[in-house]
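Undergrad: Spelled out, the chains give:
There are 2 protein chains.
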Amino acid sequence: MLHVVIMAGGSGTRFWPASRDDLPKQLLALVGERTLLQATVDRLAGLAPVERVLIAANARLVDAIREQLPDLPADAILAEPCKRDTAPCIGLAALKLVRNDPDAIMAVMPSDHVISPDAVFRESIRAAAELVELTPDRIVTFGIKPSYPAEIFGYIERGELLAEIPARAADAPLRLYVARQFREKPKLNVARQYLAAGNFYWNAGIFVWRAQTILDSLARHEPQMHAHLQKIAQADAASYPATLEREFAAIRGVSIDYAVMERAKNVVVLEAPFGWDDVGSWQAMGRLRPVDAEGNAVTGKHLGFNTRGCVIRSTDDHLVVTLGLADTIVVHTPDATLVANKHDEESIRQVVKLLAERGWTEYL
Amino acid sequence: MLHVVIMAGGSGTRFWPASRDDLPKQLLALVGERTLLQATVDRLAGLAPVERVLIAANARLVDAIREQLPDLPADAILAEPCKRDTAPCIGLAALKLVRNDPDAIMAVMPSDHVISPDAVFRESIRAAAELVELTPDRIVTFGIKPSYPAEIFGYIERGELLAEIPARAADAPLRLYVARQFREKPKLNVARQYLAAGNFYWNAGIFVWRAQTILDSLARHEPQMHAHLQKIAQADAASYPATLEREFAAIRGVSIDYAVMERAKNVVVLEAPFGWDDVGSWQAMGRLRPVDAEGNAVTGKHLGFNTRGCVIRSTDDHLVVTLGLADTIVVHTPDATLVANKHDEESIRQVVKLLAERGWTEYL
Numbered sequence: 014m015l016h017v018v019i020m021a022g023g024s025g026t027r028f029w030p031a032s033r034d035d036l037p038k039q040l041l042a043l044v045g046e047r048t049l050l051q052a053t054v055d056r057l058a059g060l061a062p063v064e065r066v067l068i069a070a071n072a073r074l075v076d077a078i079r080e081q082l083p084d085l086p087a088d089a090i091l092a093e094p095c096k097r098d099t100a101p102c103i104g105l106a107a108l109k110l111v112r113n114d115p116d117a118i119m120a121v122m123p124s125d126h127v128i129s130p131d132a133v134f135r136e137s138i139r140a141a142a143e144l145v146e147l148t149p150d151r152i153v154t155f156g157i158k159p160s161y162p163a164e165i166f167g168y169i170e171r172g173e174l175l176a177e178i179p180a181r182a183a184d185a186p187l188r189l190y191v192a193r194q195f196r197e198k199p200k201l202n203v204a205r206q207y208l209a210a211g212n213f214y215w216n217a218g219i220f221v222w223r224a225q226t227i228l229d230s231l232a233r234h235e236p237q238m239h240a241h242l243q244k245i246a247q248a249d250a251a252s253y254p255a256t257l258e259r260e261f262a263a264i265r266g267v268s269i270d271y272a273v274m275e276r277a278k279n280v281v282v283l284e285a286p287f288g289w290d291d292v293g294s295w296q297a298m299g300r301l302r303p304v305d306a307e308g309n310a311v312t313g314k315h316l317g318f319n320t321r322g323c324v325i326r327s328t329d330d331h332l333v334v335t336l337g338l339a340d341t342i343v344v345h346t347p348d349a350t351l352v353a354n355k356h357d358e359e360s361i362r363q364v365v366k367l368l369a370e371r372g373w374t375e376y377l
Numbered sequence: 014m015l016h017v018v019i020m021a022g023g024s025g026t027r028f029w030p031a032s033r034d035d036l037p038k039q040l041l042a043l044v045g046e047r048t049l050l051q052a053t054v055d056r057l058a059g060l061a062p063v064e065r066v067l068i069a070a071n072a073r074l075v076d077a078i079r080e081q082l083p084d085l086p087a088d089a090i091l092a093e094p095c096k097r098d099t100a101p102c103i104g105l106a107a108l109k110l111v112r113n114d115p116d117a118i119m120a121v122m123p124s125d126h127v128i129s130p131d132a133v134f135r136e137s138i139r140a141a142a143e144l145v146e147l148t149p150d151r152i153v154t155f156g157i158k159p160s161y162p163a164e165i166f167g168y169i170e171r172g173e174l175l176a177e178i179p180a181r182a183a184d185a186p187l188r189l190y191v192a193r194q195f196r197e198k199p200k201l202n203v204a205r206q207y208l209a210a211g212n213f214y215w216n217a218g219i220f221v222w223r224a225q226t227i228l229d230s231l232a233r234h235e236p237q238m239h240a241h242l243q244k245i246a247q248a249d250a251a252s253y254p255a256t257l258e259r260e261f262a263a264i265r266g267v268s269i270d271y272a273v274m275e276r277a278k279n280v281v282v283l284e285a286p287f288g289w290d291d292v293g294s295w296q297a298m299g300r301l302r303p304v305d306a307e308g309n310a311v312t313g314k315h316l317g318f319n320t321r322g323c324v325i326r327s328t329d330d331h332l333v334v335t336l337g338l339a340d341t342i343v344v345h346t347p348d349a350t351l352v353a354n355k356h357d358e359e360s361i362r363q364v365v366k367l368l369a370e371r372g373w374t375e376y377l
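Protein chains in written order, with this note's numbering: chain G, 14 to 377; chain E, 14 to 377.
These are calculated hints, taken from the structure and not from any lab test. No experiment lies behind these values; they were computed from the predicted model shown. Keep in mind that a hint or two might mislead.
Repeated chains share a single entry, so a pair holds when one copy, or any two copies, can fit it.
[Stated by the list, open to error] Listed next, the in silico DSS-like pairs over lysine-lysine satisfying Cα-Cα at most 25 Å (straight line):
(1) Lys-314 <-> Lys-355
(2) Lys-244 <-> Lys-109
(3) Lys-198 <-> Lys-355
(4) Lys-198 <-> Lys-244
(5) Lys-366 <-> Lys-355
(6) Lys-158 <-> Lys-366
(7) Lys-158 <-> Lys-200
(8) Lys-200 <-> Lys-355
(9) Lys-314 <-> Lys-366
(10) Lys-198 <-> Lys-366
(11) Lys-198 <-> Lys-278
(12) Lys-355 <-> Lys-96
(13) Lys-366 <-> Lys-96
Let's have the full structure, built from the sequences with the hints guiding it.
TA: Here is the structure:
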């Protein structure tokens, strides 16, 4: 049976001041009316019922997630007591699934990306799940065709074509390849080589496998991690909170890419037939939201004079007026405002760092 | 006896969103901790006691003024029922003064300029008052030595030197000249000629005269206005409010420059020995407030990265962060934020106009 695990642990400092420690990117309505997490859950309609959706997130976010997704069953949120990267989180989810359904197939996906059309996404997840059903030890990853030499994504090098799977929602048959190699975030010149080579994909962090397969892989490649996870899984209801707290904290945090994908032999890559955007920064609003005639992406109340190429975000009652402004990001929140040159946007991380250093935690 | 009339009627749309219909420029603390009006009153300490200070302002502002100046006697505010420019307002004040003190000497000054040092200002007003005492029909104006060919001020052309008055607070003797001619705001090329000629001053809107002198001038040059003002002055307490409302509204609004200064023959100009700034726009903050090493004039909570030549205004609890910003004005208020290129600042007037057109009066 197909289960979906949504990874909602990201902290997303790039969207400060809209994003905060307790309100990370995935909980913001950055693109449409729904938050990125809500849109991710909406996208599953018809693919897996809510009883088979698990959301993994830091314990601090549980209340906010429950509020955004009131239809989710109470035990649908897997609370991580601390940040330990993706591998322990995926392992914990897999253990939870196999307990009730030893043959559980597990689709893992981030909570903070924009994907469309939803039907094409569902079709490709379904195809991957069927593939795993047929060849149970397969690990299916999704590769995004790169549109520029990005330094901010990991890459997957594809090998030979394994299959073309007929599609209905997608325009063309789905293409499945051997995944020859996983590559970490490259330098620009390397990224350019990947782009020119034509057989590299961005790693979207979307995976489909049997839960038991990934547990076996973790047991093999990360035995200590697996042992800690086992202790958590075996705890009874009374001792679960303390065991989780202790054992999860004892795990060395590592990504699923590093722990498994770079080492496993049975990995295939499905070329994503859907549109994908990681919503990496405020600049993405210019791509993902409707823009006005001057190229401004605006949310909330705004009046612009001689304003172009800007990203403006306010609320419905706070008026932002811009005069003679180009390529600038303006984000108003009740207690903090950001005004940033688009080309300096990377520095937002430094802002958040400096706020922490100064002890201005009320803005974090 | 010297009385001071402070003209506090300006609406100052250039400081939106900090300035509003009910909170014009003179009621804002733009430069120091005190508002411009408070600083204007503070400056009079030792020159005239509060019982001899009159503040002329639109009726709508009376409460706010009273709040800012709690030590002022209750009848110190002369409320204008509508906007009629400076001449009717000055006439009304003069009538009020001569009623109790027929020999009243009247110093008239704006409420929204920055002047320093205060002692030099007081010394020059005192000198002008003494001059008027000696030669009772004199009209004394103050001329500011122009520092650039401004198109936004009226000019006074000086004629022959009449006197050098010994000074203590000022560095040099005060110089008094015949005022040869008043000139309205010139075009740039004309302003350049004035600057080059060397005998033109900016008209600072500061005047000293006997109250009776200005009333006589108004009676002669603006007989209809004078008649309306007389009716107001002659009203008894019971009929005063209705009379003021009716008669003041019936006056054709005109400036004192146009009504009197350009026509009168007995005008002299005192070269201002004090520093003067009209605080004409947000840009003035860069001149009038301390700036940081990157030339930013900052009020309120701010963090700047790669930020220079900016004017930033926030409150003590709302954080404004700027990244990669130059020559930009950022003004945060609880319900509106302005982000403007310094060189587009003139457009603020258009913003205010457009807000009115759209009926967004909550921001005006």
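Undergrad: Within, between, both or neither: how does the pair Lys-158, Lys-366 come out at a Cα-Cα threshold of 25 Å?
TA: Cα proximity of Lys-158 and Lys-366: none, with 33 Å in one copy and 49 Å across.
Undergrad: Please work out whether the CA atoms of Lys-366 and Lys-355 approach to 25 Å or closer within one copy, between two copies, in both situations, or in neither?
TA: Classified as within: same-chain Cα gap 19 Å, cross-chain 30 Å, threshold 25 Å.
Undergrad: How would you label the pair Lys-244, Lys-109 (within, between, both, or neither) given a Cα cut-off of 25 Å?
TA: For Lys-244 and Lys-109, only the intra-copy Cα distance (12 Å) is at most 25 Å; the inter-copy one is 91 Å.
Undergrad: How would you classify Lys-314 and Lys-355 at a CA-CA limit of 25 Å: within, between, both, or neither?
TA: Both. Shortest intra-copy (21 Å) and inter-copy (22 Å) distances satisfy the 25 Å Cα cut-off.
Undergrad: Are the CA atoms of Lys-198 and Lys-355 at most 25 Å apart within a copy, between copies, both, or neither?
TA: within (22 Å within a copy, 40 Å between copies)
Undergrad: Have a look at Lys-198 and Lys-244 and pick one of within, between, both or neither, based on CA distance no larger than 25 Å.
TA: Neither: 33 Å inside a chain and 84 Å across chains, both beyond 25 Å.
Undergrad: Quick one: Lys-314 to Lys-366, C-alpha cut-off 25 Å, is that within a copy, between copies, both, or neither?
TA: Between. Shortest inter-copy distance 17 Å satisfies the 25 Å Cα cut-off; intra-copy 30 Å does not.
Undergrad: How do Lys-200 and Lys-355 come out at 25 Å by Cα distance, when the copy is not named: within, between, both, or neither?
TA: Within. Shortest intra-copy distance 21 Å satisfies the 25 Å Cα cut-off; inter-copy 38 Å does not.
Undergrad: Are the CA atoms of Lys-366 and Lys-96 at most 25 Å apart within a copy, between copies, both, or neither?
TA: For Lys-366 and Lys-96, only the intra-copy Cα distance (18 Å) is at most 25 Å; the inter-copy one is 52 Å.
Undergrad: From the Cα coordinates, with 25 Å as the cut-off, is the pair Lys-198 and Lys-278 best called within, between, both, or neither?
TA: For Lys-198 and Lys-278, the Cα distance is within 25 Å only inside one copy (21 Å; across copies 82 Å).
Undergrad: Quick one: Lys-355 to Lys-96, C-alpha cut-off 25 Å, is that within a copy, between copies, both, or neither?
TA: The answer is neither: 30 Å in one copy and 45 Å across copies each exceed 25 Å.
Undergrad: State whether the alpha carbon distance between Lys-158 and Lys-200 is at most 25 Å within one copy, between copies, both, or neither.
TA: within (18 Å within a copy, 60 Å between copies)
Checked against the numbered hints given earlier, the structure breaks hints 4, 6, 12 and satisfies all the rest.
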